[in-house]
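Student: Below, each chain spelled out in residue letters.
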Amino acid sequence: MKKILKAKGFKMLTALVLTYIIIQVLVSTNIINDYMQATLVTIFINIILAVSLNLITGFTGQFSLGHAGFMSIGAYTCALITARIPTTWGFILGVLAAAIVASIAGYLVGLPTLRLRGDYLAIATLGMSEIIRIIFINMDDITNGAAGLLTKRFVNWTWLFIFTVITVYFISNFLKSTHGRACISIREDETASEAVGINTTKYKVMAFTIGSFFAGIAGALYASYFYVIKPDIFNFNKSVNILVIVVFGGLGSLSGSVVSAIVLALVSSFLQAFSDVQMILYSLLLIIIMIFKPGGLLGSRELSIAMLGDWRAFIGEKFKALRSRKEKKTTAKEDLDNDPVENK
Amino acid sequence: MLEVRDLNVYFGVIHALKGISLSVNEGEIVTLIGANGAGKTTSLRAISGLIKARSGDILLNGQSIINMSAKDRVKNGIVHVPEGRHVFTEMTVLENLELGAYLRRDKAGIAQDIKQVYKHFPILHERRKQAAGTLSGGEQQMLAIGRALMSKPKILFLDEPSMGLAPLLVQEIFSIIKTINEAGTTILLVEQNANMALQIANRAYVLENGSIRVSGSGQELLKSDAIKKAYLGG
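Protein chains in written order, with our numbering: chain L, 1 to 344; chain V, 1 to 234.
Just so you know, the hints here were simulated from the structure itself, not pulled from any lab data.
On a predicted model such as this, the values are computed, not experimentally measured, just so you know.
Be aware that one or more of the hints could be misleading.
[What the hints assert, rightly or not] Examples of chain L residues lying across from chain V (beta carbon under 7 Å, computed):
#: 1; residue: Ile31
#: 2; residue: Asp34
#: 3; residue: Ala38
#: 4; residue: Asn138
#: 5; residue: Asp140
#: 6; residue: Ala192
#: 7; residue: Val196
#: 8; residue: Gly197
#: 9; residue: Asn199
#: 10; residue: Thr201
#: 11; residue: Asp310
Think of the CB as a built atom: it goes at the ideal place given N, C-alpha and C, for glycine as much as any other residue.
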């Protein structure tokens, strides 16, 4: 068993390194230009946001509309720190502080609100993120109010790649642990999980805190790459956009979130060419896909290397079937040619 | 083993349980019967900690557990099978059972108990890899009971195990309850099906409007005219 796990991990690592090398080659040969690099970075940030929100909404079943609020806390924390320590170490410190501050905020918000369910929780979290935004607008002395903060670019896409991998790795491992199972059981049936002895409030708050932690990291990365942050970036729309990625990829599927973050970013950057009707097309596309795939791209399944193997086997079989049918046809034909009498 | 003293529960301004006192001895099957809204389910939920009691005391083996969380009560052996089955629908039967052993860390014991549950409910073994949501109502009820057994209950609370089941299945569930009891688990049973419940119960309490009206042995109550009239259909 251990050997298999190791082999799996090894395959995963190879895949990641290959992905990195391919992107790096594309970047250094300027096939991915500066503009596309911004899209690439957006994809990574969105993956972190979507995966962390999926932990809260898709796996633990707590409908949150406030993810942008925690992202903004991370962004501001990091920007304020890097403004004082403008080095890479300052950035690393900033990311750590951002994650910690955001998760503390998540804990404080989660403790009272997670006693609510469904729509009420959505409204409460939405309210909290709006409050956070208004606070940032009004703390003129520190946050420069509605005009926002201007820092420097501290990271390139490699940093984002690393943080994205860490996020996905951590959250997928968390979900496989006892704690993760407890979270999933809350989504499945809260009464039953309480009855088997799961402390539901604790796990809901835990999922919320971890989700906010990574939202904080995403915010910090955003601030350190795009170097301009304003409270309005982190408004209600932002929260909804993150939720759209999660639902589109499939509630309860991490790989779904990853795929959907990539697909949606590519789609919207492609649609930039039709700026007049961009939002209309984007929304239409979402509606159409949700009609045909109501569970999201991947439902609650996960994309895995084993699954790719299955597909390969499946396609291989189809191919074989096709070939053998062809062969049969040709042999039948040959038979017919050679010995017409016997075939009759 | 379990003793409830003067338990009061309120829902907002509504006084749902008005000073309930009852006791369950080791090895017994005790049943709570009564009309809709009498407070049967509320009693179970208050004792297992799913809702908070305003006042009163609950003793488990002489130790007060009134201030314990639901989780700690499960740890101490009070395990509740909630009304309406409540299985984890998207997980497999086996995963459901494993979650029942959530608070345990003894892997060998867990594997043994899963086997024991399969012995009680052979159908669950057949369906172990199926998603629990695809089981029939009766099978889900069996799974809910099996899952509760996985947490090694000292006392098992069953809330309406016969609800919505075909008569034949009701018979089967009750005979399994009896078997589980004979294997050494004390049972507190809430039932609409008063007739069946009284037949297998050692003792029974009749609830009415949040307080206990009558109590006695199962056989006594089965014969009592007042009970017959009110709950057993003449």
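Student: Report holds or violated for the interface hint on Thr201/L, using the least CB-CB distance to chain V and a cut-off of 7 Å.
Tutor: 9 Å, violated
Student: Going by Cβ atoms only, is Ile31/L closer than 7 Å to chain V?
Tutor: With Cβ-Cβ at 43 Å, over 7 Å, it is violated.
Student: Using Cβ atoms only, decide whether Asp310/L comes closer than 7 Å to chain V, and label the hint accordingly.
Tutor: Because about 17 Å separates Asp310/L from the closest Cβ in chain V, which is outside the 7 Å limit, the hint is violated.
Student: With 7 Å as the cut and Cβ atoms as the points, is Asn199/L at the interface with chain V?
Tutor: Interface hint status for Asn199/L: holds (5 Å vs cutoff 7 Å).
Student: Hint Asp34/L vs chain V: min CB-CB distance below 7 Å?
Tutor: 44 Å, violated
Student: May I ask you to test the interface hint for Gly197/L with respect to chain V, counting a Cβ-Cβ separation under 7 Å as satisfied?
Tutor: 3 Å, holds
Student: Can Asp140/L be said to touch chain V, with a Cβ gap under 7 Å?
Tutor: 45 Å, violated
Student: Does the nearest C-beta of chain V fall within a distance shorter than 7 Å of the C-beta of Asn138/L?
Tutor: 38 Å, violated
Student: Using 7 Å as the Cβ threshold, decide whether Ala38/L counts as touching chain V.
Tutor: With Cβ-Cβ at 38 Å, over 7 Å, it is violated.
Student: Checking hints one by one. Is Val196/L an interface residue toward chain V, by the C-beta closer than 7 Å rule?
Tutor: Cβ of Val196/L sits 5 Å from chain V, so the hint holds.
Student: Take the shortest C-beta to C-beta distance between Ala192/L and chain V; is it under 7 Å?
Tutor: Holds: closest Cβ of chain V sits about 4 Å from Ala192/L, inside 7 Å.
Consistency with the previously given hints fails for numbers 1, 2, 3, 4, 5, 10, 11, ordered from lowest to highest.
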